[in-house]
Amino acid sequence: MNRILLVARRDFLQIVSTRAFKITLLIVPLMLGLVSLGNALLRPPSTVAFVMADPGGRVAPVIAHRVELDYQRQVMRDLSDYAARWKLPPPIGDQAGYRTDDAAVERFIAQGGAGGALARMHPPAGAGAFKLPPPPYLRVAVPADVPVDRGAEAFGRAIAPYLANDIETEQGKRPLAVAVYIPARGPLRLWSNGRNDNGLIDTIQQERTRLLRMALLTANGVSSAAAAQIEKLEAPVAVSAPPAGSGRSQLMVRSFVPLALAYLLLTAVLITGGMMLQGVIEERSNRLLEAVLACVEPREFMVGKLVGLGAVGLTIVAAWIGCALLAAFFIDGAIANYLQPSLAALNQPWMIPVLAFYFFCGYLMLAMLYLTIGSLSNSMQDAQAYLMPVTMAVLLPVMLMVSAIIRNPSGLLPRVMSWIPLYTPFAMLARLGSGVTLVEILGTGLLLAIFVSLELLLLGRVFRASLLNTGQPPKLGAFLKLMLDR
Amino acid sequence: MTAVVLDGVVKRFGDFTAVDGLSFSVPEGGVFGFLGGNGAGKTTSVRMMLDILRPDSGSIAILGRAPSRANAPQLGFLPEERGLYRLMTVTDTVVYFGRLKGMTAADAVRSAGALIERLGLSQWARTTIDKLSKGMSQKVQLAAALVNAPRLLILDEPFSGLDPVNQGVLEEIVLEMARGGSTVIFSTHVMQHAERLSDRLLLLAHGRKVFEGTQAEARAQLPPRLRLTARADPAQLPGVASAVAAGMAENGWREWDVTLAPGRAPADLLQHCTASGFALRSFDLYRPSLHDVFLHLVGGGGR
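Chains H and C, in that order, give the protein sequences. Its first residue numbered -8, the first sequence is counted upward by one per residue in our numbering. Its first residue numbered 3, the second sequence is counted upward by one per residue in our numbering.
Reference excerpt, derived from the structure (chain H facing chain C, CB under 7 Å, subset only):
1) Arg(-6)
2) Arg1
3) Gln5
4) Asn277
5) Leu279
6) Glu281
7) Ala282
8) Leu284
9) Cys286
10) Glu288
According to the in silico footprint, chain H covers these stretches of chain C (three or more CB under 8 Å from chain H):
11) 69 to 79
12) 88 to 95
Source of the hints: derived by calculation from the structure; they are not laboratory data. Glycine included, C-beta positions come from ideal geometry on N, C-alpha and C.
Build out the structure end to end from the sequences listed, making use of the hints.
In structure tokens, the structure reads:
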């Protein structure tokens, strides 16, 4: 085994055997798992129950139908998303899943709802299963001990205890959110459990208003059919949506893996950079470098450290990616919903090597900065003086840029930063999913490779000259001189 | 064959000249003492021999080759500044250095095991360095220097920080290495160690060579000194540079500290006293120590 690999192996083994490394390795999957578990266990159920007392028996069925139509509209939207992700035909035979009128929803229900649509869509074996959204509102029968024929006040008094608790529904116990009393005449009465559920209240109010308008129209001599037609009237809107596989939602899906890689790069560099820094400072303050340097060239020592600590970083990243893939392919949920199509979007043969190139160069570039800081510092306190400005110079623009990329990947800021080598890996990784030109890839890649090579050469000189130095770290002038000294 | 040759070596750090035109050679086999006060240029010279530093001018040959890491398989080095990887075990540390010096894993493990046993560290072989005492850590570092059975062993201030027992162990190892045909160079500013161990020595002051040769040659640098007990003042005897009364007269006899002129032998003086009837009750030859030689050659400024 050559000396570079021996140095790399020693550094790698020393770090992976520490408790801190094991905690680092587990912390992200553990946190994600805990958050998911916490969400699943502690999140209040999204479905709430409501009761309606309608002694006249005319309004409640209309409101219940409206609630059902709204829910089925949501099912259609989710099915449209699902179809777009897996490149399937739309759920009702056209592309209007995002904006459907009542007639389309009625047709969807008549054709078997979600079950019928899925049967027509023929999802391939690799596609994730479609998960029905939970209905937001479930109507339950008025409890037997609540009178419906003794007026609103009596109904309100009797229903009040039920509003404070859960009530039995077809999906198990759910909070009773709203109770409605619809008198034959006069205002509709509504009691809520205090958690304002405006969606349901608005729906009820809109339906009630619609019925009143129709009644007014017919009272004014308009035929029932014409009144109904007037009520259903909506200004025609032609919606042009991007074809399946493109558009903003698809852009986000395709960008998910590259964006995640940009964040992973940042996190891995910050974690292993800290370890690298600590390692070099320990070697310097322990005075053991002289014995090592009697056997190993400073250049070999530097490269060995970059390789060893790089392996540590890659191990962390690989473990996290492994957990994400596990979640994507074996666990249903939000992560799987995003990751599966995002991974499937990496279907260009050049994508993986280009991602790997930017990731590798980014890692090398920042790791070398940390290594040099370590070689200049006698203690972590010394290192902080260099570390803070360097970390800020990297971190803040990158965070700013990533949010700019999410808004518009081809905006001026991301495009400009793609050509600044310090930010190229982050900018290009984050933008790759949104489509960048070949010129940008080749140009920024070449510039980055030149920059990293120069960095290794110049900072390598500083590293070599500083290893055995004692005393105060060099000032800027001395630092520049070290870089230029052959 | 010579183990080490330095020829006109100069090393400067900015305006400071650490090593100034240094030339000397170390024959293969034996123990070579590299003596000098603090800041004399010993460590800088050692670092140049190991290619950790490069000379500004002059040339260096180590075992017949220019200094480089290619020599590492034949070199052992114990630096003055000691340190080890705190979280590595004793065995792993010694094996690691063996492998850095080009040993195979199996050879390094075998040699490390033998050395660890020899140095009384077997009980701590799987212990991490941070749990060892300072003395034990120093033994581990010595094992790391010896693991490849080096042809040339360079020890920079090897005795500093060691208790007398471990100093004895180290001296024994140094002598054993030399008996086995290795060359041992050790730098020190403690003359007693050099006196006990070195066959030849080099004395440095301010980066320059002050003396190179055997211990006897070093002592010959000082004018011979005697202590005589005589009735008369020996100052007038031929070859005597000075004579100082060392005590009160007792029954007419008095002790005198006598310094001979350079190049004059004590035996000649004794022969003259006997032949001329100069009354002597005692004639003791004072053997100068390396410490005396050092002070004589370097003076107080060399420390």
